[in-house]
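So the chains spell out like this:
Number of protein chains: 2
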Amino acid sequence: MRLCLLALAAMFTSYMAAPAVWAQTVVATASSPGGVLTVDVQLDGMGKLAYDIKRKGKEIIAPSHLGFNLANAPKMDDGFTVKDKRVSEHDDTWEQPWGERRYVRNHYRELRVDVEQTHRSNRRLAIVFRIYDDGIGFRYEFPDQPQLRDVAITDELTEFVVARPATAWWIPAGELSGLEQIVEKAPLAEIGTANTPLTLRLDDGTHIALHEAALVDYATMWVRKVAGQKLRAQLAPSTTGAAVVRHGAFTTPWRTLRIADDAPGLYMSDLELNLNEPNKLGDVSWVHPSKFVGVWWEMHLNKGTWNAGPKHAANTANVKRYIDFAAANGFRGVLVEGWNRGWESDWGHGGADFSFTQPYPDFDLPALAAYAKRKGVRLIGHHETGGNVAAYEKQMDAAYKLYAKLGVDSVKSGYVHEAGTMQFPGPDGKVHYGNYDSQEGVRHFVKAVTAAARYRIAVDTHEPVKDTGLRRTYPNWLAREGARGVEYNAWGEPPNAADHEAKLVFTRMLSGPMDYTPGVLSLVGAGGKTFNSTQAKQLADYVVIYSPLAMAADLPENYAKYPAAFKFIRDVPTDWADTRVLNGAVGEYATIARKDRRSDAWYVGAVTDGTARTVAVPLAFLDPGRQYVAEIYRDGEQADYRNEHRFDLVTETRTVTAKDLLDVRLAPGGGLAVRIVPKQ
Amino acid sequence: MRLCLLALAAMFTSYMAAPAVWAQTVVATASSPGGVLTVDVQLDGMGKLAYDIKRKGKEIIAPSHLGFNLANAPKMDDGFTVKDKRVSEHDDTWEQPWGERRYVRNHYRELRVDVEQTHRSNRRLAIVFRIYDDGIGFRYEFPDQPQLRDVAITDELTEFVVARPATAWWIPAGELSGLEQIVEKAPLAEIGTANTPLTLRLDDGTHIALHEAALVDYATMWVRKVAGQKLRAQLAPSTTGAAVVRHGAFTTPWRTLRIADDAPGLYMSDLELNLNEPNKLGDVSWVHPSKFVGVWWEMHLNKGTWNAGPKHAANTANVKRYIDFAAANGFRGVLVEGWNRGWESDWGHGGADFSFTQPYPDFDLPALAAYAKRKGVRLIGHHETGGNVAAYEKQMDAAYKLYAKLGVDSVKSGYVHEAGTMQFPGPDGKVHYGNYDSQEGVRHFVKAVTAAARYRIAVDTHEPVKDTGLRRTYPNWLAREGARGVEYNAWGEPPNAADHEAKLVFTRMLSGPMDYTPGVLSLVGAGGKTFNSTQAKQLADYVVIYSPLAMAADLPENYAKYPAAFKFIRDVPTDWADTRVLNGAVGEYATIARKDRRSDAWYVGAVTDGTARTVAVPLAFLDPGRQYVAEIYRDGEQADYRNEHRFDLVTETRTVTAKDLLDVRLAPGGGLAVRIVPKQ
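If you read the protein sequences in the order shown, they are chains A and B.
Residue 684 is where the first sequence ends in the numbering used here, and the numbering goes up by one at each step.
Residue 684 is where the second sequence ends in the numbering used here, and the numbering goes up by one at each step.
Excised from the complex, chain A in its bound form:
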């Protein structure tokens, strides 16, 4: 019996007639600089807040609720009145220390709406929208106010009501396997509770990527499908109380929607980077985008073990071999996994089993670090935590200090565990178990990266919390995993499918760099399992799947077998002056051109799904009137990921100019890689 709710509403709004209670009134509105996107903020008769979004006059997000339930105070969900509203315009351009493009333009109109719950001792809240032509971000700002100094949020009631029938590319949230799931395509009405980025294609072709920016000291936002196409924020649960607990003034992360005519348009947006805070680390010349090899793939092939024993891969002699190979081929880094004590343990489930400072006896860390340095190579450190944050945080400083002393300036961290069972230091001193997506998990990942920064160490986080653009604020956060990597081709059930990259580009890759570990030219996993990829696609991945820290994952002996293909892996850089997505469709294909940050060379990568197709590569991005040599690595005529012709690779060179257009056929499961250098 809810009539009383109306009566109740009537008591603290001035509406006495039930119908009026539900009527929506627009209280504020603003458009993007180019007028492409418009946001309306609305109030209903119960003083509940909502917003909607129109693109070119057409509604794409229908009126969607805004508000919170709190654990320690009445809800901030109704009885709102508008105290102030302001629209301002902002336009600047900033430089990235490294990235997909050097200069980023930040041009938006900001709509700020200050609201008050007059019937709740005048508690205040602000909702701030930043409206770009290619997307919208909005967040809540809690002022420091005596009547609500501590805020314990149980539910963020933010809704996203998609106004037109849509197709979704998504993965479920809160699954044991975390973010390492196959991206599924489904009608939006059929999704469950999803991780973000959540990529949508509306029936009119409009593309939307729903995500968040600047996830700091707050719970990760999942989006729950309520019913039909109504989505609602669901904060990752804490196991110690309310999902989010804050004191004094704070802001939530930005809730973001990239909105474009097509999939390439989604990728070209810098929305989340723009919504993050500028670099807080100052000089980051000690952060080195680069390529690396390492003691890794052989364990996935069951040729070596992480554990000590007869097959222990991280032994001094073997690591020397990798260092020599790296030095000979211009790779800056050599990753070594399984170097430290603890791998035989119960993975920290009982307590602190991994040591992050004690090597196995057959691994001479100082000697190898020195040997590498003499050869102009750096070891890449490895911290596998097994998800035991409590144990890791106790050793973190000592571990970074050790590496810093040895000249190890980047660390790959790992959090292998089943989601929901990460171990945190409890308020009561006891370890407690929770979700890596929780506010505590979010805090830890930032803590680990900022602690590393104090030792001038860059971090590549595996099994991470999702990327929300924090690399802008902490540029030593070079890369993350956060999706199924190439290792799934070694032992995955099922392995990555032929359309995996074409999905990743327009879903996971919208959030930030991924350490995808490509370049396995041997195209074979454990027990003879073959890749759903041609050799050309392994090369294309270096351009298509962006990572400033890029691994050449295959075994040195395998690279020796394919010198022609290996040349591209040696040549391709990992830091870019500019990026252009030339074409693409979610889960089908993608063609991306990137300009080297340190030369005038351009690189093009294209991937396709299981279907062969010819992609057009217009070279208009080249300097007009200048001649270039294009080194083309393409699928052979018979190339096909389904048979032995997956190895068919054609390499050829052509002289090209900005006027040229390359028409290249991609094989089923195939790809294309091109290096374009100015003609001498």
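Misleading hints may appear alongside valid ones.
Said to hold, decoys possible - Think about it this way: if two alpha-carbon atoms lie no more than 16 Å apart in a straight line, the pair counts; the simulated EDC-like pairs of lysine to aspartate or glutamate are:
| no. | chain 1 | residue 1 | chain 2 | residue 2 |
| --- | --- | --- | --- | --- |
| 1 | B | 189 | B | 207 |
| 2 | A | 434 | B | 154 |
| 3 | B | 234 | A | 188 |
Just so you know, the hints here were simulated from the structure itself, not pulled from any lab data.
Position chain B relative to chain A; hints supplied.
Chain B alone, transformed into the frame defined by chain A:
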């Protein structure tokens, strides 16, 4: 990178080869007494538990995961080994003090599987299945064990993977409006996070109702659609820590699946009642199934107010009028809402605003209680809490004591609030806000009912936690609301549709009695809004929508206008010796016959959706060879819920025997009510 999980698995299972790690092995199996249903329990190579369900040899629940994540200890989700398994058979019949049938048969086979996590200090857990021919219940049993004396459950990982394409009738969980939502029909793949009972129809016609039984001191189970047709338990969140916190030995509620060939088969099952504990109250002769009238509908029509003031409905003179009307027409109870101080308040949002002992000055409680008693009528008390459990629990005993002293032996309680904002007494002494579905909410509702029992008071809970069969254990829990009632026809946006009852019967009504407040013969709400119902359906509701406490909701003056129809409301009982669902389809129609508990009379009710249809009512349930008089209340030839002919009611009597079959046409939005009494 999750290979390590396999390695990890390998460490504490004896499986070394990855493929074997995922292979399922059946470790226990059992079938229902009649062999209709079979359950297999399985273990995979990581020692993860699963179960599946076959009906007549056909899989209907595919292998579905079992387990928990804990906040205070490693997960109970893997590394299980079977220590013991037992199958036993049980068959008895027990008597209900009141209900839809007097005698209930409880015939099942029990499969108990005791498992141990050898690698986790031998922690033990038991999974117990009770397998009936018409359904299955299973629960987890935690023994008291020193290595896990306190259990803090963050996630119950129980899955329900529906093996065949299914249609669902559902309402979303965790919505502000709680259980008062329109039941939606959708492909199972399109639901979100659902409340239970969740009713499913598989493509082969098999019907399943997913629910739970004996929800005590545990969080309510919602079911989250993970993806496709995979559902997973989601425990209603606590705002103070883990969803469930228990000490020592305990059992979870039963996870239940009623499984039948058709919708009537679902309704005929007593699964949840059988899985609840027997009556703990002993003699409950003080619990009186009965009908009542009251000061209620006039407020929904805005003719009176709950609040004090010129239109205050609960004034002495007006209540006397209802008492006289009840006495004159054989109604035992007179409900009075808005009798107590506090209705002008902010509904307890700040704190304790309602008084449960202080009447408004214009309401003479003692005098009216005495006046009623003299007339052989009882006042029905009313406790509206506004969801402020903290304030209510402080006054609860005094409030019951007052009523007991005055001879008020039943109370309607109300918890009007937006879900997620119920106020609980916090561990820190402060009030904290949470969900009525949480473990704390669940505890409160049981606490309120058992406290009432100590004063020999029966309870009718509105805005309740969902019913899970606890009326068996606490027979003073006479009824609940927990769905959209008839008041939505007064002011609902939208009002209840013509198919509302046909949906309720096979969804909400599978959980227990509902105080639906039918019998509004005037068929008109506030501001002239008309009902999507014929007058005949208002009568049918008394038989179709079971409640031992049934209101005649309309105004006395309206009953005076329709003496013929009113006769049925006066005659129909609310306690039954037997119940037969003669036919029906979810959301379309339902015909139910019930035998009076106190005479040889039978009553038949039928409802249809917006479609006119002829229902066949075979009278085979009557004593053979005996003559009866059937008093038939049916829709007139022109009756239609969409126009003024909604009032067209035909009453006729016929002599019938068990050999007869009534063929009766139901109008669009119509119904049928029949009283069948032995011929003198």
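- Task: Any hints from earlier that this structure breaks? Give me their numbers in increasing order, please.
- Result: none
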